[in-house]
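Colleague: Given these sequences and hints, build the entire structure.
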Amino acid sequence: MDELKFRRQAYEDPHNQDADFLAQINAKPENQALINELKNLDTKLSNALKVDVAEDLADKLILRQQLQQHHKQRRQTFFLVAMAASVAFVVGISFSLLRLGPIDLAEHALAHVYHEDIALHVDQNVNFSQVNAQLASIKDFGNAKFTQQPGKVYYTSYCDFQGVKSLHLVLQGEQSKVTLFIVPLEKRMVLDKTFADGKYQGMGFETPDAFILLIGEDQADLSYIKDEIKNIFI
Amino acid sequence: MFANWRKKSVEPAVSSDMLSKQRRYNSLVKALHADIFRYAYWLCGDKHVAEDITQETFLRAWRALDSLKDDKAAKAWLITILRRENARRFERKQFDYSDVEQDTLEDNISNSSEEQTEQYLIRRQIGKLDIEYREPLLLQLIGGFSGDEIAELMELNRNTVMTRLFRARSQLKELLEKNDVRGQSNG
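Chain order of the listed sequences is H and V. Following the numbering used here, the residues of the first sequence are numbered contiguously, the last one being 1098. Following the numbering used here, the residues of the second sequence are numbered contiguously, the last one being 606.
Source of the hints: derived by calculation from the structure; they are not laboratory data. All C-beta atoms, glycine included, are put in the ideal place defined by N, C-alpha and C. Please note that the accuracy of each hint is not assured.
With a cut-off of at most 20 Å between alpha-carbon atoms, the simulated EDC-like pairs for lysine to aspartate or glutamate come out as follows [said to hold, decoys possible]:
no., chain 1, residue 1, chain 2, residue 2
1, H, Lys908, V, Asp549
2, V, Lys592, H, Glu980
3, V, Lys449, H, Asp923
4, V, Lys592, H, Glu901
5, H, Lys936, V, Asp485
6, V, Lys491, V, Glu534
7, V, Lys449, H, Asp877
8, H, Lys903, V, Glu593
9, H, Lys914, V, Asp485
10, H, Lys908, V, Glu537
11, H, Lys936, H, Glu919
12, H, Lys924, V, Glu504
13, V, Lys592, H, Glu1081
14, H, Lys936, V, Glu533
15, H, Lys914, V, Asp471
16, H, Lys1063, H, Asp1004
17, H, Lys914, V, Glu534
18, V, Lys592, H, Asp916
19, H, Lys1016, H, Asp987
20, V, Lys466, H, Asp923
21, H, Lys914, V, Glu533
22, H, Lys1057, H, Asp1082
23, H, Lys1094, H, Asp1082
24, H, Lys903, V, Asp485
25, H, Lys908, V, Glu593
26, H, Lys1009, H, Asp1082
27, H, Lys1016, H, Glu1081
28, H, Lys1016, H, Glu1050
29, V, Lys597, H, Asp906
30, V, Lys440, V, Asp490
31, V, Lys466, H, Asp916
32, H, Lys914, V, Asp490
Some, not all, of what chain V presents toward chain H, calculated at C-beta under 8 Å [to be verified]:
no., residue
33, Asn445
34, His452
35, Gln538
36, Ile550
37, Ile561
38, Ser589
Modeller: Structure below.
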């Protein structure tokens, strides 16, 4: 190893432990001196480089990290709450949309008759002009009206078919009373031509402006009223 | 995200994972924060900036802690993050700290003993050293890295690194000897 190379290596790293290098140090006293000088310099430099570190720096570093972790968790929690809320929201919306699904008018009509059974017992003796007034007040019916008195009308009332305002009448058939529902046309309604349960017969048809449902105990009465309505309800 | 959430509330085994990560981070901080801070300080020459860089470095380290496979490589890993963080400081281009204003260096002279005076002078000289010579020296003396490791960290070839170390030491030696002479003649 020549002198120049040795000096270079000494300056590059005086703590070099290569066998060649160590041998060269021991070869000459001045090499030894140079190395000692450089090691001495390194010690001084190392000490000089050791600037004071704030005592709380380590704590600060841990604190910062934990705060950030905390924020991240909060953000995650927020995200999850937001997710849960939107899921709940969507579920809520779809339930109310389900309610807007097909409505079986017949089933509803029967349930209504059973529920409002007072309608079959009262006698309000309603004039058809009053019924027309009620019809007119429901805007979905357009200009539908009775042109003349459809026999005796015992009872008239608004009623609700799944959120759709409708008219509930009780008329006198040939033999018995017949309940008549006039429901505004709406796409989601499903109407059976005839239906029945243990006690009542039912029949449904469509006019240009409305669904008509008839419910009574006697099939003949239903046909009778149906014909009459077809003639006088426009 | 959901996996994380489950980690916390449901599975104690996994939440202990989190705990051990925290422990690992804490020991990393305790063992290396001084070196990292000093390195940052000698890179930028300002204690507050150095503290900021150290903070950023450790935060990034926390976020990426899972990617540190070998704890022995932790120091080099942190230094890499730190150097990137320091470079980013210049991209952000806030203030011009660039060439180390060595008047901001620690002034221990008030307490003056001879040793401290000398140390003050050495610090001034280190600060005056060109950054390209200073950095390999920092890595060698603070980091304890070998020439090859420094080459890898600085993305230079080994010969360049060794040349810079050589120049750094010769310059410092020369400057300090000159100072000594002046000091003696003055005293």
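Colleague: Taken at face value, is the distance from the CA of Asp877 (chain H) to the CA of Lys449 (chain V) at most 20 Å?
Modeller: 28 Å, violated
Colleague: Would the hint linking Lys924 (chain H) and Glu504 (chain V) be met if the CA-CA limit is 20 Å?
Modeller: Answer holds: Lys924 (chain H) to Glu504 (chain V) is near 18 Å, not above 20 Å.
Colleague: Would the pair Lys936 (chain H) and Asp485 (chain V) pass a check requiring their Cα atoms to be no farther apart than 20 Å?
Modeller: 17 Å, holds
Colleague: CA of Lys592 (chain V) to CA of Glu980 (chain H), is that 20 Å or under?
Modeller: Violated, because 109 Å separates the two Cα atoms, which is more than 20 Å.
Colleague: Is Lys936 (chain H) within 20 Å of Glu533 (chain V), Cα to Cα?
Modeller: At roughly 51 Å apart (the allowed maximum being 20 Å), Glu533 (chain V) and Lys936 (chain H) break the hint.
Colleague: Hey, Lys908 (chain H) versus Glu593 (chain V), does the alpha-carbon distance stay inside 20 Å?
Modeller: 14 Å, holds
Colleague: Sort out whether Asp485 (chain V) lies within 20 Å of Lys903 (chain H), counting only the CA atoms.
Modeller: Violated, at about 39 Å.
Colleague: Would the hint on Ser589 (chain V) stand, with a C-beta cut-off of 8 Å toward chain H?
Modeller: Because about 6 Å separates Ser589 (chain V) from the closest Cβ in chain H, which is inside the 8 Å limit, the hint holds.
Colleague: Between Lys1009 (chain H) and Asp1082 (chain H), is the straight-line Cα distance small enough, at 20 Å or below?
Modeller: 26 Å, violated
Colleague: Taken at face value, is the distance from the CA of Asp923 (chain H) to the CA of Lys449 (chain V) at most 20 Å?
Modeller: Answer holds: Lys449 (chain V) to Asp923 (chain H) is near 9 Å, not above 20 Å.
Colleague: Under 8 Å is the threshold here; is the Cβ of Ile561 (chain V) close enough to any Cβ of chain H for the hint to stand?
Modeller: 6 Å, holds
Colleague: Quick check on the hint: Ile550 (chain V) CB to chain H CB, less than 8 Å?
Modeller: With a closest approach of 15 Å, the Ile550 (chain V) hint is violated.
Of the numbered hints stated above, those contradicted by the structure are hints 2, 6, 7, 9, 11, 13, 14, 16, 18, 24, 26, 28, 32, 36, listed in ascending order.
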